[in-house]
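Colleague: Hey, can you work out the whole structure from these sequences and the hints?
Protein chains: 2
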Amino acid sequence: MKETPSIADCLASRLQSEGIEYVFGVPGDYALPLFSTFRKHGIETVNTCDEQGAGFAADAYARIRGIGAACITYCVGGLKIANAVAEAYAEKSAVVVISGAPGMGERKKDPLLHHKVRNFDTQRKIFEEITVGTTVLDNPDTAASEIDRLLGLARRYHRPVYIEVPRDLQSAPARPSSFPREPEESDPQALAEALEEARQMLLSSRFPLILADVEIHRFGLQKELVELTERTGIPVAATLLGKSVIAETHPHYVGVYEGATGRAEVNDYVEASDCLLLLGVFLTDITVGGSTSSLDMSRCIYATSEKLSIRHHSFEGVLLADFVRGLRKLDIQKKVLPSGFAPPAERIAKTAFRPQDRITVVSLFAEINQILSSEIVVVADVGEALFGASELVIRESTEFLSPAYYASLGFSIPASLGAALANPRLRPLVLVGDGAFQMTGVELSTAVRFGLSPIVVLLNNRGYSTERHILDGPFNDLLEWNYCRMPELLGAGHACQVRTNQELKETLQAALNQRDSYWLIEVRLSPHDHSPALERLAQRLSPGKRAGQVR
Amino acid sequence: MKETPSIADCLASRLQSEGIEYVFGVPGDYALPLFSTFRKHGIETVNTCDEQGAGFAADAYARIRGIGAACITYCVGGLKIANAVAEAYAEKSAVVVISGAPGMGERKKDPLLHHKVRNFDTQRKIFEEITVGTTVLDNPDTAASEIDRLLGLARRYHRPVYIEVPRDLQSAPARPSSFPREPEESDPQALAEALEEARQMLLSSRFPLILADVEIHRFGLQKELVELTERTGIPVAATLLGKSVIAETHPHYVGVYEGATGRAEVNDYVEASDCLLLLGVFLTDITVGGSTSSLDMSRCIYATSEKLSIRHHSFEGVLLADFVRGLRKLDIQKKVLPSGFAPPAERIAKTAFRPQDRITVVSLFAEINQILSSEIVVVADVGEALFGASELVIRESTEFLSPAYYASLGFSIPASLGAALANPRLRPLVLVGDGAFQMTGVELSTAVRFGLSPIVVLLNNRGYSTERHILDGPFNDLLEWNYCRMPELLGAGHACQVRTNQELKETLQAALNQRDSYWLIEVRLSPHDHSPALERLAQRLSPGKRAGQVR
Numbered sequence: 001m002k003e004t005p006s007i008a009d010c011l012a013s014r015l016q017s018e019g020i021e022y023v024f025g026v027p028g029d030y031a032l033p034l035f036s037t038f039r040k041h042g043i044e045t046v047n048t049c050d051e052q053g054a055g056f057a058a059d060a061y062a063r064i065r066g067i068g069a070a071c072i073t074y075c076v077g078g079l080k081i082a083n084a085v086a087e088a089y090a091e092k093s094a095v096v097v098i099s100g101a102p103g104m105g106e107r108k109k110d111p112l113l114h115h116k117v118r119n120f121d122t123q124r125k126i127f128e129e130i131t132v133g134t135t136v137l138d139n140p141d142t143a144a145s146e147i148d149r150l151l152g153l154a155r156r157y158h159r160p161v162y163i164e165v166p167r168d169l170q171s172a173p174a175r176p177s178s179f180p181r182e183p184e185e186s187d188p189q190a191l192a193e194a195l196e197e198a199r200q201m202l203l204s205s206r207f208p209l210i211l212a213d214v215e216i217h218r219f220g221l222q223k224e225l226v227e228l229t230e231r232t233g234i235p236v237a238a239t240l241l242g243k244s245v246i247a248e249t250h251p252h253y254v255g256v257y258e259g260a261t262g263r264a265e266v267n268d269y270v271e272a273s274d275c276l277l278l279l280g281v282f283l284t285d286i287t288v289g290g291s292t293s294s295l296d297m298s299r300c301i302y303a304t305s306e307k308l309s310i311r312h313h314s315f316e317g318v319l320l321a322d323f324v325r326g327l328r329k330l331d332i333q334k335k336v337l338p339s340g341f342a343p344p345a346e347r348i349a350k351t352a353f354r355p356q357d358r359i360t361v362v363s364l365f366a367e368i369n370q371i372l373s374s375e376i377v378v379v380a381d382v383g384e385a386l387f388g389a390s391e392l393v394i395r396e397s398t399e400f401l402s403p404a405y406y407a408s409l410g411f412s413i414p415a416s417l418g419a420a421l422a423n424p425r426l427r428p429l430v431l432v433g434d435g436a437f438q439m440t441g442v443e444l445s446t447a448v449r450f451g452l453s454p455i456v457v458l459l460n461n462r463g464y465s466t467e468r469h470i471l472d473g474p475f476n477d478l479l480e481w482n483y484c485r486m487p488e489l490l491g492a493g494h495a496c497q498v499r500t501n502q503e504l505k506e507t508l509q510a511a512l513n514q515r516d517s518y519w520l521i522e523v524r525l526s527p528h529d530h531s532p533a534l535e536r537l538a539q540r541l542s543p544g545k546r547a548g549q550v551r
Numbered sequence: 001m002k003e004t005p006s007i008a009d010c011l012a013s014r015l016q017s018e019g020i021e022y023v024f025g026v027p028g029d030y031a032l033p034l035f036s037t038f039r040k041h042g043i044e045t046v047n048t049c050d051e052q053g054a055g056f057a058a059d060a061y062a063r064i065r066g067i068g069a070a071c072i073t074y075c076v077g078g079l080k081i082a083n084a085v086a087e088a089y090a091e092k093s094a095v096v097v098i099s100g101a102p103g104m105g106e107r108k109k110d111p112l113l114h115h116k117v118r119n120f121d122t123q124r125k126i127f128e129e130i131t132v133g134t135t136v137l138d139n140p141d142t143a144a145s146e147i148d149r150l151l152g153l154a155r156r157y158h159r160p161v162y163i164e165v166p167r168d169l170q171s172a173p174a175r176p177s178s179f180p181r182e183p184e185e186s187d188p189q190a191l192a193e194a195l196e197e198a199r200q201m202l203l204s205s206r207f208p209l210i211l212a213d214v215e216i217h218r219f220g221l222q223k224e225l226v227e228l229t230e231r232t233g234i235p236v237a238a239t240l241l242g243k244s245v246i247a248e249t250h251p252h253y254v255g256v257y258e259g260a261t262g263r264a265e266v267n268d269y270v271e272a273s274d275c276l277l278l279l280g281v282f283l284t285d286i287t288v289g290g291s292t293s294s295l296d297m298s299r300c301i302y303a304t305s306e307k308l309s310i311r312h313h314s315f316e317g318v319l320l321a322d323f324v325r326g327l328r329k330l331d332i333q334k335k336v337l338p339s340g341f342a343p344p345a346e347r348i349a350k351t352a353f354r355p356q357d358r359i360t361v362v363s364l365f366a367e368i369n370q371i372l373s374s375e376i377v378v379v380a381d382v383g384e385a386l387f388g389a390s391e392l393v394i395r396e397s398t399e400f401l402s403p404a405y406y407a408s409l410g411f412s413i414p415a416s417l418g419a420a421l422a423n424p425r426l427r428p429l430v431l432v433g434d435g436a437f438q439m440t441g442v443e444l445s446t447a448v449r450f451g452l453s454p455i456v457v458l459l460n461n462r463g464y465s466t467e468r469h470i471l472d473g474p475f476n477d478l479l480e481w482n483y484c485r486m487p488e489l490l491g492a493g494h495a496c497q498v499r500t501n502q503e504l505k506e507t508l509q510a511a512l513n514q515r516d517s518y519w520l521i522e523v524r525l526s527p528h529d530h531s532p533a534l535e536r537l538a539q540r541l542s543p544g545k546r547a548g549q550v551r
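Each protein sequence line maps, in turn, to chains A and B.
At position 499 of the first sequence the residue is numbered 499 (this note's numbering), and the sequence of numbers has no breaks.
At position 219 of the second sequence the residue is numbered 219 (this note's numbering), and the sequence of numbers has no breaks.
The hints are simulated quantities; they were obtained by calculation from the structure and are not laboratory data.
A quick note: this is a predicted structure, and the numbers were derived from the prediction, not measured.
Wrong hints could be hidden among the right ones.
Since the list can't tell identical chains apart, any single copy or any two copies may satisfy a pair.
[Said to hold, decoys possible] When the alpha-carbon atoms are kept at most 20 Å apart in a straight line, the in silico EDC-like pairs for lysine to aspartate or glutamate are as follows: (1) K335 with E224; (2) K109 with D296; (3) K307 with E230; (4) K108 with D296; (5) K329 with D138; (6) K40 with D477; (7) K40 with E193.
Modeller: In structure tokens, the structure reads:
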């Protein structure tokens, strides 16, 4: 007779049926049996140096695979990933947080068990603020259904969920799930009406443009986007958060729209459009450069997973996927790009630098641009790494990862672990500043343990450059490490410092040729050398110059 | 005419009047003007590698100075210290969390500004769960009063508070505080009645005993405790969290009481007492070894900052400090220790080990015990470092720091920064395992930047020992770093690996003699060599053996 699966078994099977092959986390006594159960089901557990690393890795995994998971112990583990989970919430990444917890039997009379903060529900309450759903699996009769409900929420909203598993119930036999898993459907009449109105608006427009953002990626609509632009001829711009939602070598691709911080030619294009088709867009201060007012909604068709509006009215019950698929089928023919407008791929390929010259921010990104291929995923940390990376031309869709809106430093190195495990065909190219590297760079240790080989380009500009531009002080200084000594500390890996364009080119080539371990390439930049995007952003953020100031 | 102080000025002045000389944090655009204002007022800003380090450092600073502060940016900084602040809440440490935040003017129409998660109050709501008070300084008329109210709460409860400062109000002129700062007083009749009842109970008891915990330290009652035991002759035991609440060389000191994990002779003593005077005690699973049932409340006088009870009834309106001071004045004479009971200082001093032998956990702590002095503060991380440290004999009061209840790994190295800056007379001796070191050990970088010289003893037992004892698997393994290469990475410091007792002795001595930078002493222990306390704890925590199991 077959044994009834336990609650932990149910959870492991369901994660597996969602395609999760790796769970990231750090063990602790309340969570240990979960780690053991995952392994029993063939899910590899990846323990990072610190829980924070596990949070970022799970987020990156989810961005590539659609869903990811982190498993941690109660409070001392869970609260360490609050920031990474908040990032996944802000930028729509379906991270399943699984927390071991004190047993229900132990909770009687509210004793002070280790790792408890105020009440036994403190951790859950915190996660209610940064997830789309939380549950405590405190009942074997409902646990399997609850797991289904929570995974459904994660899939529906592409945002994190929180599942707490009391340790005395982890091995309890679970009653089979009775949660209905019916696919959500659009209201056919609302959909038809919206599509017809969109068609009319697009037909009568002179310069229609698609602005595509991260939800196109999260909801797996990249192919539909390509078909839409190819069939209708409407060009596509991307946001910074949505960068690589379409291959940036596509002839219909205009570039990244970043409002006040972006390139003038792209801004002008977007802002001159008389019909903007915003698909899965977050209207953030980063996207639109600090002010949403530059976009006139009366010329917008605005579709996200949460709402659909055309000009100033909205439609209920229309799913993003159905709307995008519907648009694709409309009979519209528009001209592609205005004459004289060079797509990003053409603009960049022509730049050349003298081999013996010192590397500059501009020459660095030009060189990196040369080596990008369909086998590389670019993972950019916040700061100059991201500003510079915004001008890279990503060869394939969805191969650029960065917390471009939430903007938490320290994402990139742990994220490269998640990215590499999510798609072993891709090798991560990490772009990271010295400040962010000091936060989470030791997670290269985890890369070594699990045989991963990210190429890390460390932009060493001695401190917090972005902050320095706004308001400087000794609080923006860092100790300058001998970053190239990392392989000696970790007992593995390759590292070197490069100063000239020639050295950079040769080192990048060596790194591409040798996949046995990570490569850390330290690029020592002048602290006074900045990307044009940073100059623009810093000016906008400096005190007294920002929008909406009270006094 | 003198300029009216701004909200940021008010905050800086009040922190200074609380005795705060250092604020720990990492800057970000919403918080930069705060960093600048603190420095203008002579408060040094200490920027750590990661915000997590700042949280732990501020906690340690608060444990020594009574109050400490961390300053971080909105969400991406704040949520990174949620765990450290939760620890301060759980273990009663008055950490003032100061967060820069989007301006009130920017928040109109709820735009997506960078670092925002769900709503503008997401971060505040999270901190409501892990502090005793939160405020947003959104009104120049009430800001100064709000600062006073929050600092009052931190002082009253010795727990964290949260102060959010919208960036467009940081320079707004603040109206002077009207918050009444009246000292709280005990109800004199309740106090007299409680003291008289305690006197009767103590007088009629045969083996009274004081069990003192961390609140005696937090409320500055160490001297009163010494007077109480010396005048009455009642011996004192401490909890692990309260370790060093009295100098452990005091002749009336019995040892650390850890319930099921502690030494049998201390347990027997505590549990045989017919009148236990619990002063400032947290009855946690660590304190009492997993079960509170071993203490019979009908023989307890139980006083904390939150409640006073004698046997099974309680008194309202009696402050811990007044009760302890009152006890001290009672006319009670008891004998000290039973004949044949050796105080901890005598027990340990006699142990000797052969110089050429491999270091063991027992010989390591015996050797460390030899070098302790009134100029050293021991900072122990969670795990074997803490279990072993529980047997150290701390020479002076309040010179032992450890998250012995909340038990978050990674506390010790950043905490040593806070401890050293809180009391420059003390040199931190850090005890840390390899797991915890990999989490936050890079904060030695911050030690270098600020000229601090902790002595770090790294217990390298290759993985998560505590977890291994409970349930083993590859998730308890770590990459073994060449820890002694840290000085090469950081460009400063001393490090070496020691294997024999003689090498350990000589290296500790060299470290004591040279204060120019940190010392990292890696002790390579056999993974099978454990402290007796870990053996006992692991047995208690292993699945199927714990109390209160449901099935």
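Colleague: Each hint should be assessed against the structure and marked as holding or not.
Modeller: Structure-based check of each hint:
Taking the closest pair of Cα atoms, K335 and E224 come within 20 Å of each other only inside a single copy of the chain (19 Å); across copies the shortest separation is 86 Å, beyond that limit. Taking CA atoms no more than 20 Å apart as the test, K109 paired with D296 passes between copies only; the shortest distance there is 16 Å, against 58 Å inside one copy. For a Cα distance limit of 20 Å, the shortest separation of K307 from E230 qualifies neither inside one copy, at 25 Å, nor across copies, at 72 Å. Taking the closest pair of Cα atoms, K108 and D296 come within 20 Å of each other only across two copies (18 Å); inside a single copy the shortest separation is 57 Å, beyond that limit.
When the C-alpha separation of K329 and D138 is checked against a cutoff of 20 Å, the pair qualifies neither within a copy, at 48 Å, nor between copies, at 51 Å. For a Cα distance limit of 20 Å, the shortest separation of K40 from D477 across copies, 17 Å, qualifies, whereas the shortest one inside one copy, 47 Å, does not. Taking the shortest alpha-carbon separations for K40 and E193, neither the intra-copy value of 51 Å nor the inter-copy value of 61 Å comes in at or below 20 Å.
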